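Q: Those protein sequence lines, which keep their order, are chains A and B. Take the first sequence: its position 311, counting from 1, is numbered 311 in my numbering, and each next residue is one higher. Take the second sequence: its position 169, counting from 1, is numbered 169 in my numbering, and each next residue is one higher.
It should be emphasised that the hints constitute simulated quantities derived from the structure, not laboratory data. Everything numeric in this text was worked out from a predicted model, so none of it was measured. It is possible that some hints are incorrect.
Unchecked claim - Partial pick of chain A residues on the chain B-facing surface, computed with a CB cut under 10 Å:
1) T44
2) Q53
3) A92
4) S99
5) R102
6) R124
7) G126
8) F139
9) Y189
10) I201
11) V203
12) V219
13) D275
14) A358
15) T359
Said to hold, decoys possible - Listing some non-contacts, in silico: residues in chain B with all C-beta distances to chain A over 12 Å:
16) L410
17) T482
18) L504
What the hints assert, rightly or not - Pairwise CB distance ranges, derived in the manner of DEER restraints:
19) A/N303 x B/L594: 34 to 44 Å
20) A/D337 x B/F598: 50 to 60 Å
21) A/G329 x B/I74: 33 to 43 Å
22) B/P309 x A/D337: 36 to 46 Å
Idealized CB from N, CA, C, for every residue including glycine.
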Amino acid sequence: MSNIDRRNLVKGSLAAMMAGAAFSRGAFAQSSEPILLGVSGPLTGPNAQYGTQWKQGFDLALDEIMAAGGINGRKLAYQFEDSQSDPRQSVAIAQKFVSDPRIVMELGDFSSPASMAASPIYQRGGLVQFGFTNSHPDFTKGGDFMWSTSVSQADEQPLLAAYAVKRLGLKKLAVLHLNTDWGRTSRDYFTNAAKEYGAEIVVTEGYIAEERDFRSTLVRVRDANPDGLILISYYSDGALIARQARQVGLKQAICAASSVYSPKFIELGGEAVEDVHVGTRYFPEDTRPEVQKFIAGFKKKYNGQEPDAFNAYSYDAMNMAAAVVKIGGTDRKAIRDAFTKVKDVPSVIFGAATFDVATRRVKGAMNAELVVRKGQFALWDGKPT
Amino acid sequence: MSSWLDYTINGLIVGNVYALVAVGLALIFGVSRLINFAQGSIYLVGAYIGWVAVVQLHTPLPLTIIVVAVAAAIVGLIIERFGLRPLQNSVRIAPLLATIGISFVLDQLVMLTFSPNPRALPSQLPDVRFQVGGGTIGPLDLLIAGVGLTSALLLFVFLRYSKLGWAVRATAQDRDAAMQMGVDVNRVNQAVFGIAAALGGVSGMLVGMYYNQIDTAMSLQATLKGVVAEVVGGAGNVPGAVIGSLLLGLVESYGVAVFGTSYRNLFAFLLLVVVLVLRPNGLFASARQAPPEPLTGTFIAPSRPVRIPRWALLAAAVIFAILPLFPVSFYVLQTLINAWLLGMLALSLTLVAGTIGQVSLGHAALLAIGAYTSALLSLTLNVPVGLAIIGGGLMSAALGTLLISPSFRLRGHYVSIATLAIGEIVSLVILNWESVTRGPIGISGIPPLSLFGTDLISPTSIYWFSLAVMVVLALLQGRLLTSHLGRSFRAIRDDDIAARAYGLSLNRYKSLAFIFGGFAAGVSGGIAAHLYSYINHETFNTQQSILALTVVILGGLGNVVGAMLGAVALVGLPEVFRIAAEYRILIYGIVLLLLVRFRPQGLLGTI
């Protein structure tokens, strides 16, 4: 058993499952104990898809870490606790991890309410909370045990704005954004940067995550007469908007944030996402060795499936965790201090990741300007669409 | 001006989609007077069966529709036979809870079988688009409209002219009389569930094709919108459900047109509240129609409560109070803190739902009001945290009662739906009223709990604090129940006409119950805000309201000790099942169903 991913243990009846879990625990006690990371994230509930994507990235990274000899000869493993991204459960998980001496640091949670509700407990308990998808600007302000490799929207959105305004030459923009803390923060950074580059924001529309019908929203967009649509969306809602935009007869260029970067975006969007521009942090033909290793490894492990942005975040996060534990060992405080010491950890998203000690975040995400051509993400060739 | 034509067309297109769910809900409500919260799950199951048929088996469209309809009908029959029929002689609220449990189980089964990743469900119709106004419509729009209208029409004819249809209507009007006339009520129920499920399954598949996307989160949204549309059209009225759906679609579309996208659902739920207040039987109910809810308290049947001796309660209180003195992990304490917070919410809900009979499905709104008030008071006005929490309780009592007061004239299910809508409205106002609530960014850096200048940050002190607050609220509520006020509350629940004839002012007593309940819920929300340090509009969501109602029903309606016991059980069970990872919510749903099946009056019984 390469890690304590309990899902693998759940086979057959409840009784067999219990017996399996008990057995595996016994087995760990005998062998040299693995270094254990706690993961708090959604495996059930409305955000369950992101938790399963995390696992794929984690497992791939762990395979590679093991193949390279583990952490100074010791195994690295994670214990994934399902929080449903619900603050009530994430705080209980936080206490569970803090009071479990085997856990050396924690990764997650997914949503801001769940993550930030648990922050005070991690901070007081002196356990690092490494939130690798937490873009909320206040997340790392929770204390010196909060660290994040989530791409700062202050970094990402100006890149997207540059792609849309400077490179594609769009001057009147309609911004559609998820009305969450992430979408809202992103929108503000985007509009500021786009205005600075000389574009005009003619309309902004925030929508809730459960929304499926965007036709009326798109009529509003049409009436504002933009020359480009900006989607600050995830892949499922981004695909819905692109489809419906074409159905209501909007033919303007569409430019989307990196969070839509997923093979699912093309699967769900079909022909409608053809020619959609996406600013991303990496792309399949990227020659950087860490990207090639990641994509090839991922396809091999998961039957040819293409990785997406959330797979990359979790893969990077596990590699970062390994690098930190290599320096900090198993002492929780030493691990926190190790975050200030790690330098240039190979990363799909950042190229080489080093924390800014003041903000406890990583700056300088990579940038790739992609476009969907013939049902594939491809590097944009500079041709207008 | 041409934009208005587009908004109208878009509204009708979406209304079309809502109608498919609403018709199935209306049919079931018409016969069993039950809001089938599992209808959205059948819709989900239909979508995934459709996916298997289209993507794996490559069936042509007519065959796909038949496969989905038959498979969904079988699911419906199973639900009826094993989930609901055993409950037909128990309290009316038991089947409602059972459908919630069934929807948990179905959603989880789909998620475990197909993984939670969204999938594409390609449309099998030719991709031609017709220009209408500024936009286009496709053949799938027409098919969905066709299925919605045809099924509504067929059902209307079936109910009016066929013998089984008469039996269905007779059963709907008076179950006992129908049985005396020789109607096989079970067969009627079976027929209705089969038809409604087939319709639900097909609609899930069609909507999946429409958006080229299916995922496991679609179930709750479908149920919510379907319920709104159905009630607007008149619960149990099949053609009314279609018109209600179209109206809902139009209101949403015009709402987006005038105010913007983030206000969309606000208009849907406002429409519902307005319709419920002005025409509680729906827009299309005839004046001479008998009220669809029974006049007296069959919604909540009295049962013999379990008597717990005073010494046992005292012993339990002492054990929980001294628990932190023993070597218990902080994880256990934190879980129990969650239980005490949920316990306060359940105390509040058991008073309004159990004791006075106003079954609220929007109780999380009271938490949110308390939490935001307390957080903002302590952050912006530097009010000490202890006082801020009391302020949150008071605000929740005042504002909550004011908001819920329009539903005071409603009965039974209608109260639940109105409060559900009010809960959603509160959440959407929090999202949109950015100058006060900071919108989606939420409020961060909320100071920790403190009392008389001392911060309560260790789990032990938070544990004692929340336990003490809950016990004080429980004692107050216990005292209230034994006073004349408690007797008046129960009189209103059991027979509001008799209570009124006896001179009790219904609105005044309902207000009193909500003021007391709102305070308890607001305090719970306030404590949670300071515990979490960060809240936003998603922290207190509909799932919280449903969980609170489950706790209350599980413990026994109106039962103070039951509310606390139920809270410990429902916070504890999912934690105990952690060993089962992804399977834990499924197991939780099954346990819930078994409890409803064998103990519909709740663990400790209704008081």
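Q: If you test the structure against every hint from before, which numbers come out violated?
A: 5, 7, 9, 10, 13, 14, 15, 21 and 22
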